[in-house]
Amino acid sequence: MRNPRPYRQRDDAVEPLLTGQRILDTFFPLVKGGRAAVPGPFGAGKTMVQQQIARWADADIVIYVGCGERGNELVDILDSFPKLTDPNTGRSLMERTLLVANTSNMPVVAREASIYVGVTLAEYFRDQGYDVVMVADSTSRWAEALREVAGRLGQMPVEEGYPAYLASRLAAFYERAGRVKTLAGGSGSITLIGAVSPPGGDFSEPVTSHTKEIVKTFWALSKELADARHYPAVDWVESFSGYVASCSQWWAEHVDPRWAEYRAEALGILSQADELARIVNLVGPEALSPQQRWTLEGVALFKEGVLQQSALDPLDSYCSPQKQFALLDQMLAIYHAGVQLLALGVPVQELLRMPLLAQAQRLKGTYGNQQMQELAGFAAQANSEFERLRNEYAQHGKAAV
Amino acid sequence: MSMRNTERRLYDRCKGMSDKEYRMASAARSGLLYMRGVPGVALGDRVVVRDHSGRRRNGQVIRTSNEVVLIQVLEGTDNLDLERTWVRFLDQPFEVPLSPDILGRVFNGLGQPRDGRPPLFSRLRRNVNGAPVNPAARAYPREFIQTGISAVDGLNSLVRGQKLPIFSGSGLPHNRLAAQIVRQARLPGGESQFAVVFAAMGVSFSDADFFRKTFSDSGVLRNVVMFLNLADEPAIERLILPRAALTVAEYLAFDLDLHVLVVMTDMTHYAEALREVATAKGDVPARKGYPGYLYSDLAEIYERAGRIRERPGSITLMPVVSMPSDDITHPIPDLTGYITEGQLVLSRTLNNLGVYPPLDIPPSLSRLMKDGIGKDLTREDHGRVAGQLYASYARALEVRNLASIIGADELSDIDRDYLSFSEAFEQRFVGQGEHEDRGIAETLDLAWELLSLLPSQALTRVNTADLAKYHHWQEARAEPS
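For the record, the sequence lines run as chains A and U. Anchor point for the first sequence: position 35 equals 35 in this note's numbering, and the numbering is continuous, going up by one each time. Anchor point for the second sequence: position 57 equals 57 in this note's numbering, and the numbering is continuous, going up by one each time.
One chain only, chain U, in its complex shape (with noise of 0.2 angstroms):
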């Protein structure tokens, strides 16, 4: 009896709660309202803000103490006046709602519609924030995915369930590039159930626009869930818009059983928004003003990727991050770096020599091609192909430099054949069309017949067998090119 009116109070509480409206906001500013003395508030409630003209605003309360509670208002603080302003806290953190329905639908930050259809209803709602998968229920990603990229598919190949960023910069083509590679990913040999969770922050109209219309050409429209947050809409709803449309991934991807490929553009933006706020609040900068936690905050988001032990379904994460001012180092790819499994770079010298994709092969990786090709997934000599490649290149852009101090005529025989070399490569294997979708094995024939343009002393990464199979140089030199 008594354990019953212990509940009875504390429901009556807590829909106390979120009935009373307060009105003691002592501060607000840049998107940060200030309340003195609410108890019984928890971190990551969603509220309410009324204000004088009766427009209600979305917030999120980021901190609590005895003496003040904190609240983001996502839609922005302007306009507010302190003495009209009234503050509902609801008591429950941010959800969205799921269903099989979902698919094909459009969202804003918040994961209300903004398609102009009606809201959906479900009983099933979930925390945006999700909850740390234990390492130990994790699934290794090993299927390999065929994107049809030359340079993607046999150098740094992506395997379902990885989490596989674009780094990039102003000006240069990755949201074709991730276009493309949402187009044309497939297993080889295998069709399966897939869906696509397109996640875009602070991205421009046009750029919004063409991937819907990627989307419709291709025919993937109704399997595509978009969450849409445009450069002219409320920064702060970036920071929720990549943690909704990660739920909606998970639930896809765990509760329905499909292959979810999730693209995010632009990180950069969401990074912003969250150094924007982590200032307000004052936490301690580390790097270019952005918080220290700014790492952690990123793998919250990232590392909800991958694949659970005995579930069919898989999240492959593709986050578009724009390096500014094509600087690496700068804290957000460099941090991305740290936690994704690997990059793909985009290099604005290829871009200006007209090769697209323009994958700068160096510094590109995937940490996860190890495991997902070789002998009954890709062809058995994948692995050290792409070892010998990455190697020959390097050699010939040494060879390159050479070249542009001494003039090519300076150089040995061999060194003439790496500048030959990387020129067909940078063209003929990195470079291809934009609707071209190559096959694994053709990749790896054609890397064969640029490597056939070294001698096969040159060729130490690879063994003896796979020359004998693969290799030949004399006819490639005898040949008129």
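Looking at chain A on its own, in the form it has when it is part of the complex (with noise of 0.2 angstroms):
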């Protein structure tokens, strides 16, 4: 259980794994064989967003092992899962899903051994040419069984108490994530996503920092994007992903090409907006240019209507590809519009106040996955009212001079 199965050879094809969660596909995306690690403080969302990825992703097979976590959390899953539907298969959830149980009040020894025990199941069905994903929920309660175990063996405590093998057992057990051509000559693979539970949510400390250097995709939440309930509390600074590169091939491939520019553009407008705000805290909003409030107030079209995304609205709960690029394509188109107005003189508070905004935030939560045509009609609609706006102050401009 300890020793990883053999297989023929590491395989490099990259394929992403789709969760249908937006700041994850689009913002931080991971693959299939990838790893990927979750830390945040208590009530930051960690647990949702594994089981968001646990009902979603588009693997053949889905272990989730909660070690060392709330019994109830467990409890969720059995109740919930065998009522929904896998998006890709249409068959009941509960099918591809295996449980390894470890709740926190459950032996110390065995939660060292449950992350072995998940992992292990995992390379079983991979050896057999399926795509596993295995969620760990919470790999810093593994490593606190380790010190556990450690201390009792009364060998030496290095940071924080933990041993000094803590970094090289994270590393081994992340580095049994991967794509491979099996023994049988088939291919599988599998995906580790480890949540991790900093002390006082605070990132530096051992079990977070030697993950962050393991891992390729690092979904970090955030406790102010939680207590403002905008969930998945992804912050958007912090986190990254090393498969961006070669995701968006696949992207353009399959949804459409322009969405590494799309992406990379929409991140700049946050990090953009994130420093306006800082501005205004210090200066106050007069002293920004009607571009910049528009930079700063539009910024929620992002934040609200791709960002967040709510796991208990079914319509929004899952969100295909597609869904996800037409959301982002018509936060963009709206933003340029909103420029190119400013450009033709139309005052700012005027943009802020057009329904169209709210609307536009809403969208997501107003057409399922399969009402594209919907979201189309939107899109139309919205062009004719920049339109009707263009007109009027193109006219207006002309009168003036």
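Be careful, since some hints might not be right.
Covered stretches of chain U (chain A as the covering partner; in silico rule of three or more C-beta atoms under 8 angstroms from a C-beta of chain A) [unchecked claim]:
#1 198-210
#2 330-337
#3 348-359
#4 387-395
#5 400-409
#6 458-469
Calculated from the model, a selection of chain U residues having no Cβ within reach of chain A, i.e. all distances over 12 angstroms [unchecked claim]:
#7 Lys20
#8 Glu67
#9 Pro93
#10 Val106
#11 Gln162
#12 Gly169
#13 Ser170
#14 Gln193
#15 Asp232
#16 Val345
#17 Ser412
Lysine-lysine pairs mimicking DSBU-like chemistry, simulated, CA-CA at most 35 angstroms apart [to be verified]:
#18 Lys303(A) to Lys83(A)
#19 Lys370(U) to Lys223(A)
#20 Lys181(A) to Lys212(A)
#21 Lys216(A) to Lys370(U)
#22 Lys370(U) to Lys469(U)
#23 Lys303(A) to Lys212(A)
#24 Lys216(A) to Lys288(U)
#25 Lys303(A) to Lys469(U)
#26 Lys370(U) to Lys212(A)
#27 Lys181(A) to Lys216(A)
#28 Lys223(A) to Lys212(A)
#29 Lys223(A) to Lys83(A)
#30 Lys303(A) to Lys375(U)
#31 Lys303(A) to Lys223(A)
#32 Lys223(A) to Lys20(U)
#33 Lys469(U) to Lys83(A)
#34 Lys288(U) to Lys223(A)
#35 Lys303(A) to Lys370(U)
#36 Lys212(A) to Lys288(U)
#37 Lys375(U) to Lys469(U)
#38 Lys375(U) to Lys83(A)
#39 Lys375(U) to Lys223(A)
#40 Lys370(U) to Lys83(A)
Calculated directly from the structure, the hints in this document are not laboratory data. Because the structure is a prediction, the values reported are computed rather than measured. Glycine included, each C-beta is placed from N, C-alpha and C at the ideal position.
Dock the two chains into a complex; use the hints.
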């Protein structure tokens, strides 16, 4: 169980793991066979992110390891999964799900083993040629179990009481992820996603910092976003993904060639808006130009309209790649139209008063994945609205001249 | 025949064990007694220690090996003369007797009566450590409990079988809040069999008495079991106390089918007692001197809350955790937050503004809320309204920050709306009377009244149907306020 199972060779083909979560798929993608971590303080929504992945990821098998976490979270899965259907196969989600339960009140030695049980099960299915996703909630509890056992064995504590081999054990565990040619000649993959629960939400503690070095996708959860009930509370500044370049090819082939460009632009606007918010806190909003005001306020289109996603809303819980792109496209279109209109002299207040903005932010929950026509309809409506404003001000401008 | 002989021998040995007294203590310090070479001792067994004056103290075996047996003496090891100390291993774990007569009684940390009445006798005795519940045997909690407190019901709903701690600080009214919840908690529109288990660890007499008075005034004293360990009583008793209290709670909930609300105050004192023993034992400390197993240890307590399939009863757990110097990242509240299903955080700022209950909304959370509310349980719009209030209040706090820098006059119209929203929200929605019991419909209507201070464009978490039904922005602005 502690030794990885053999395979013929590593396979470097790339295919994104689609989770139906916009912030994950579009902004910080993960590939099949990749490794990711979800760190966050308590209440930031680690478990919800993990459960959403377990629900909607386009894998053949999902293994959910409840490692030192709450009993009721596993009950939630046991209760809700049989009632849900897999959007990719149309069958009950429970049929492809395996649970490994070691709740926080169960023996610690078993907790140390539970992660290995999970990954060995994953390898068993991988060897049969399946794409497996293993979700471990939480690797911090596993590390603590390691610490407790090490303490009992009288081993020398290094950082915060953790044994010296913490980093190498973590690395060895995550190394069991990957896409391989199996001994039988097929191809399978294991994607590892580990939650990390840093004490006090401090990302510099040993487990988080070691994990950060190992994984290639890092979905950092932010307390501030969670406090404002912005879920999934994935922080777009702290998070990173090393798979963007390789995924952009897939998106270009299957969805739209402009994906990489749009993603980068949206991230740029988000960080620009953060910067502006800092300036406003120093000198007040009056100091900003209309363009900057528009960026500052218009960023809500991306935050509310794209990034924020309700796991409880049946229309929004799973978002197909097509819808993800359509929403991003729509928000950028509105943003660009706004920039153009500002150049024509439309006051920023008038833009911000447009009911269109609130409608756009509600689009995600208004139209389901099958209603792409309606989304296109909204785009046309938005265009004509902007056209009207443009004409009005163009004439205005002429009259003034 | 031979089988019988083996059993016989085993019995004799065990019997011999609890008959014999050992006098080989090799050292005693900070509540721990070290014994050498006692064979056949089990971890967690009860021990009685008799000293030279004939006084008996209770103890528990906390470590065994070939060389040494470590005994934690619950009343402390002061004045023990090692030459004249006799130790008797009782060969039984800590147990509490259980019977329906337990309701209305008061015990100390070890489950011995402290109300002047005779001890409870029953054939049913259970180990205080309980046993972990297989998640597959649990039932998912989803029955909404109405506490009559808007900030709890509307934004952080409590459900039956949840563990929801109150994170507080010294001088904040956590006891009054817990007492109000005990008084007012009920299912909307239903009366049912309930009981309260109250576990006090290291609290002052006046705090313990405040709870007793509350229970007695609201006429529930006969349904309450109290476990008291006051501030001047042995700290080590606090390690057994919550376990004894939860064993009683489990009996009441899963044998007698009652809905049990367990209030524990203060878990910080529990963790400090744990640290005291861990340091004395020489365990490797993790953060702030607390042992690495603090998480598992707290989980053993908190995870005993919940519901079991096909049993009508439930255990709802409400521990009070006082945050040392109001620091939510301190190991005790931090690890508690990782185990419990949410937290209610009290704010010193709101308390100073005179808001009661001073619930700090942004960090407060109820994880089980999503499944306990909604169409058939509370009201169809409940979840979205709660999300909207959170989002709008977060935005309002940003605006307030801004206003404190550039002055309120410089704000835009919409920002000024946010400012008046935040005032009204804190004073009228979060704030309420200590004896005010608001129904859930009342709470949600109030929420909409406050949201009507904001224009509908700003409300993107609710849907258009909600807005059409409940939102009255124009009217709100037209009214002189």
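Verification of the supplied hints:
no.: 1; hint: 198-210; verdict: violated (count 0)
no.: 2; hint: 330-337; verdict: holds (count 5)
no.: 3; hint: 348-359; verdict: violated (count 0)
no.: 4; hint: 387-395; verdict: holds (count 5)
no.: 5; hint: 400-409; verdict: holds (count 4)
no.: 6; hint: 458-469; verdict: holds (count 6)
no.: 7; hint: Lys20; verdict: 30 angstroms, holds
no.: 8; hint: Glu67; verdict: 14 angstroms, holds
no.: 9; hint: Pro93; verdict: 17 angstroms, holds
no.: 10; hint: Val106; verdict: 28 angstroms, holds
no.: 11; hint: Gln162; verdict: 8 angstroms, violated
no.: 12; hint: Gly169; verdict: 16 angstroms, holds
no.: 13; hint: Ser170; verdict: 20 angstroms, holds
no.: 14; hint: Gln193; verdict: 23 angstroms, holds
no.: 15; hint: Asp232; verdict: 31 angstroms, holds
no.: 16; hint: Val345; verdict: 10 angstroms, violated
no.: 17; hint: Ser412; verdict: 7 angstroms, violated
no.: 18; hint: Lys303(A) to Lys83(A); verdict: 31 angstroms, holds
no.: 19; hint: Lys370(U) to Lys223(A); verdict: 19 angstroms, holds
no.: 20; hint: Lys181(A) to Lys212(A); verdict: 27 angstroms, holds
no.: 21; hint: Lys216(A) to Lys370(U); verdict: 32 angstroms, holds
no.: 22; hint: Lys370(U) to Lys469(U); verdict: 22 angstroms, holds
no.: 23; hint: Lys303(A) to Lys212(A); verdict: 25 angstroms, holds
no.: 24; hint: Lys216(A) to Lys288(U); verdict: 32 angstroms, holds
no.: 25; hint: Lys303(A) to Lys469(U); verdict: 26 angstroms, holds
no.: 26; hint: Lys370(U) to Lys212(A); verdict: 31 angstroms, holds
no.: 27; hint: Lys181(A) to Lys216(A); verdict: 21 angstroms, holds
no.: 28; hint: Lys223(A) to Lys212(A); verdict: 18 angstroms, holds
no.: 29; hint: Lys223(A) to Lys83(A); verdict: 31 angstroms, holds
no.: 30; hint: Lys303(A) to Lys375(U); verdict: 28 angstroms, holds
no.: 31; hint: Lys303(A) to Lys223(A); verdict: 16 angstroms, holds
no.: 32; hint: Lys223(A) to Lys20(U); verdict: 58 angstroms, violated
no.: 33; hint: Lys469(U) to Lys83(A); verdict: 31 angstroms, holds
no.: 34; hint: Lys288(U) to Lys223(A); verdict: 23 angstroms, holds
no.: 35; hint: Lys303(A) to Lys370(U); verdict: 22 angstroms, holds
no.: 36; hint: Lys212(A) to Lys288(U); verdict: 25 angstroms, holds
no.: 37; hint: Lys375(U) to Lys469(U); verdict: 15 angstroms, holds
no.: 38; hint: Lys375(U) to Lys83(A); verdict: 19 angstroms, holds
no.: 39; hint: Lys375(U) to Lys223(A); verdict: 29 angstroms, holds
no.: 40; hint: Lys370(U) to Lys83(A); verdict: 17 angstroms, holds
Violated hints, in rising order: 1, 3, 11, 16, 17, 32; the structure is consistent with all others.
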